[in-house]
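Per the numbering used here, residue 175 is the first one in the sequence shown, and the count goes up by one each step.
Simulated from the structure, these hints should not be mistaken for laboratory data.
Among the clues, some could well be false.
No farther apart than 25 Å at their CA atoms in a straight line, the calculated lysine-lysine pairs in the BS3-like style are these [stated by the list, open to error]:
#1 K317 to K291
#2 K494 to K336
#3 K494 to K462
#4 K240 to K365
#5 K365 to K613
#6 K317 to K656
#7 K240 to K321
#8 K652 to K574
#9 K336 to K602
#10 K240 to K602
#11 K574 to K613
#12 K469 to K494
#13 K321 to K291
#14 K372 to K317
#15 K336 to K613
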Amino acid sequence: MNKTIRRASVFSLLLVLALLGRATWVQVYEGKALADDKNNRRKAMAQYAQPLGNIIVAGSPVTGSKETEGGDLAYKRDYTDGELYSAVTGYSSQAYGATQLEGIYADVLDGTDTRLKNPLDALTGKQQEPGDVLTTIDPAVQKAASKALGDTKGAAVAIDPKTGRILGLVSTPSYDPSAIAGLTDGDTWQKLTEDEDKPLVNRALRQPLPPGSTFKLVVAAAALEDGLYGSVDTATDSPNPYRLPGSTRYLENENPSAPCENATLRTALQYSCNNVFAKIAVDLGQEKVKATAEKFGFNDEQQDVPVRAYPSVYPSGMDKAQTALTGIGQFDVTATPLQMAMVSAAIANDGLMAAPHMVSKVVDSDGDTLDSFEDGDTERIVSSATAEQLRSAMVTVVDKGTGSNAAIPGTEVGGKTGTAQHGENNSKTPYAWFTSYAKDADTGKEVAVAVLIEDSGAARSEVSGNGLAAPVAQKMMKAALK
């Protein structure tokens with residue numbers, strides 16, 4: 175063999191080895207990345223090759239699948255009462271991907287999760303039947319919240335305090351996920367994404383806003399836990415009006431005639447006295463208030479239910495005037511309705527917080543459990559004595575104070591109103607909040623609720639937590655206790 179042929183042979187062999195090496199690298203190391211690539215059409219074809227598994231509410235599916243007409247995607251997602259449950263399910267779209275439970279459990283719902291395959295399927299590559307996701311949602315509570323919120327821009331969350339089960343989760347305005355499930359729904363998608371009311375945003379979990387006076391429950395808890403005041407009936411050291419430290423600004427109360435000077439915590443919650451809680455925040459200092467807020471769940475960047483909620487925030491690095499404003503749920507304090515429902519739930523549950531969750535089980539096609547979420551996985555937030563004191567004060571708010579619209583005859587109901595200012599120089603319409611709990615002594619049922627009315631269209635002077643948010647909470651609590 176002459177030198178030229180030998181060199182050509184060696185070069186050809188090296189090329190073959192290089193190709194084999196590259197093929198091995200792609201198959202072994204890059205195979206999963208390529209399979210998961212959003213531009214890989216085979217992945218979409220496999221996902222929609224058969225009817226998807228379902229998201230279940232109270233034993234009935236709120237999702238489905240329908241055959242498509244033409245194309246290489248055989249099925250697309252369909253929804254029952256899509257607008258009612260969109261904040262729970264999210265959407266599964268052939269064009270725009272999947273969100274919330276649809277996104278988290280996409281592999282189970284389309285049958286590609288490896289836990290669904292038996293050994294023979296793994297060898298043959300056969301796609302297994304999909305599994306289902308079982309939620310904790312109570313349809314009666316969900317419907318009550320949706321109907322009560324109506325056309326307003328807002329959100330509501332209901333939690334079972336003992337178990338942590340999320341019974342209701344609604345965000346308005348809503349949308350129908352069926353309308354964006356296919357490949358040819360671009361006009362609807364554009365309309366939704368350009369809508370100023372942001373219907374695709376899950377306000378219940380993913381839009382923290384200033385909680386206003388509902389945050390006073392956290393400040394009151396901090397004061398009792400620290401021993402700053404011995405009980406909710408101990409007089410506080412609270413001048414009225416209260417001058418913000420280092421400032422010429424005086425912090426006044428919504429009701430000028432309310433008995434807020436040196437008021438007890440009970441009276442201060444009953445009349446929502448700004449001077450009392452601003453002074454308490456300064457007296458405790460921002461670190462102590464922050465520590466209590468974080469016990470309730472603020473500043474948690476991994477709050478999964480299992481959809482990840484945006485963190486509710488208690489800020490740091492403030493001066494005393496800013497700290498005072500946090501005492502009334504303003505300055506840079508933000509919270510989701512989920513977070514404020516968690517506050518009431520922990521107080522209702524004797525100071526213990528059960529981890530909130532809206533999925534009970536994930537199962538395969540035979541009903542065998544793949545994942546489960548235990549009820550009552552609790553953590554001590556405040557002492558039993560502090561929780562009892564706060565419940566007593568919250569009952570006073572409903573029976574004799576600013577939360578009267580949440581009352582349910584014959585039922586223990588405690589709550590706290592909130593009206594949060596926002597915009598430059600508080601120029602925009604305030605947010606209306608209400609957080610509460612209810613207990614039925616006869617049945618033992620309990621529920622904790624938080625409601626946010628972001629914009630009701632009402633005049634600024636008509637915006638209040640009791641007027642707008644408390645009636646929604648009352649209807650949700652009644653539905654949960656039936």
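Hint check:
1. K317 to K291: 37 Å, violated
2. K494 to K336: 37 Å, violated
3. K494 to K462: 13 Å, holds
4. K240 to K365: Distance of about 24 Å is within 25 Å: holds.
5. K365 to K613: Since the Cα atoms of K365 and K613 sit roughly 43 Å apart, the hinted pair is violated (cutoff 25 Å).
6. K317 to K656: 14 Å, holds
7. K240 to K321: Roughly 28 Å between the alpha carbons, so the hint for K240 and K321 is violated.
8. K652 to K574: 20 Å, holds
9. K336 to K602: 38 Å, violated
10. K240 to K602: 45 Å, violated
11. K574 to K613: Distance ~18 Å between K574 and K613 Cα, so the pair holds.
12. K469 to K494: Holds. K469 to K494 sits at ~22 Å (cutoff 25 Å).
13. K321 to K291: Given pair K321, K291 is violated - Cα atoms ~42 Å apart, limit 25 Å.
14. K372 to K317: Holds - the C-alpha atoms of K317 and K372 are around 21 Å apart, at most 25 Å.
15. K336 to K613: 11 Å, holds
Checked against the numbered hints listed earlier, the structure breaks hints 1, 2, 5, 7, 9, 10 and 13; every other hint is satisfied.
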